[in-house]
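Asker: Sequence:
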Amino acid sequence: RDMVSGAGHDACNIAAVAPTSMIFIPCIDGISHNEVEDAKPEWITAGGQVLLGAMLELAGVR
9 RDMVSGAGHD
19 ACNIAAVAPT
29 SMIFIPCIDG
39 ISHNEVEDAK
49 PEWITAGGQV
59 LLGAMLELAG
69 VR
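Heads up, the sequence shown is in our numbering, so the first residue is 9 and it goes up one at a time.
There's no promise every hint is true.
[To be verified] Below, simulated SDA-like cross-link-like pairs (lysine to any residue); rule was C-alpha separation at most 25 Å, straight line:
id, residue 1, residue 2
1, Lys48, Ala67
2, Lys48, Ala24
3, Lys48, Val58
4, Lys48, Ile22
5, Lys48, Ser13
6, Lys48, His17
7, Lys48, Val12
8, Lys48, Ala62
9, Lys48, Leu60
10, Lys48, Ile33
11, Lys48, Ile36
12, Lys48, Gly38
13, Lys48, Ala26
14, Lys48, Pro27
15, Lys48, Ala23
16, Lys48, Val69
17, Lys48, Phe32
18, Lys48, Asp37
19, Lys48, Ala15
20, Lys48, Asn21
21, Lys48, Leu59
22, Lys48, Val25
23, Lys48, Gly68
24, Lys48, Met63
No lab work stands behind these hints: they were computed from the structure.
Predicted model, so just to flag it, every value in this text is computed and none were measured.
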């Protein structure tokens, strides 16, 4: 699903020299960058699967 974010993180700086992307997962109650931030394990797993798929595609394995 689409997620709106104002985050830039290091991707903003790295993008000047290399392609970048960011993978976002939802947080329970929308809380992020806070000590009470939490996410369901299946959301974390899904984010990891997206990363794995992207890396395999870039490596020409997929």
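Asker: Decide, hint by hint, whether the structure agrees.
Answerer: A quick look at each hint next to the structure:
no.: 1; hint: Lys48 <-> Ala67; in the structure: violated (29 Å)
no.: 2; hint: Lys48 <-> Ala24; in the structure: violated (33 Å)
no.: 3; hint: Lys48 <-> Val58; in the structure: holds (16 Å)
no.: 4; hint: Lys48 <-> Ile22; in the structure: violated (29 Å)
no.: 5; hint: Lys48 <-> Ser13; in the structure: holds (19 Å)
no.: 6; hint: Lys48 <-> His17; in the structure: holds (23 Å)
no.: 7; hint: Lys48 <-> Val12; in the structure: holds (19 Å)
no.: 8; hint: Lys48 <-> Ala62; in the structure: holds (22 Å)
no.: 9; hint: Lys48 <-> Leu60; in the structure: holds (19 Å)
no.: 10; hint: Lys48 <-> Ile33; in the structure: holds (9 Å)
no.: 11; hint: Lys48 <-> Ile36; in the structure: holds (7 Å)
no.: 12; hint: Lys48 <-> Gly38; in the structure: holds (12 Å)
no.: 13; hint: Lys48 <-> Ala26; in the structure: violated (31 Å)
no.: 14; hint: Lys48 <-> Pro27; in the structure: violated (29 Å)
no.: 15; hint: Lys48 <-> Ala23; in the structure: violated (30 Å)
no.: 16; hint: Lys48 <-> Val69; in the structure: violated (29 Å)
no.: 17; hint: Lys48 <-> Phe32; in the structure: holds (13 Å)
no.: 18; hint: Lys48 <-> Asp37; in the structure: holds (11 Å)
no.: 19; hint: Lys48 <-> Ala15; in the structure: holds (21 Å)
no.: 20; hint: Lys48 <-> Asn21; in the structure: violated (30 Å)
no.: 21; hint: Lys48 <-> Leu59; in the structure: holds (17 Å)
no.: 22; hint: Lys48 <-> Val25; in the structure: violated (34 Å)
no.: 23; hint: Lys48 <-> Gly68; in the structure: violated (31 Å)
no.: 24; hint: Lys48 <-> Met63; in the structure: holds (23 Å)
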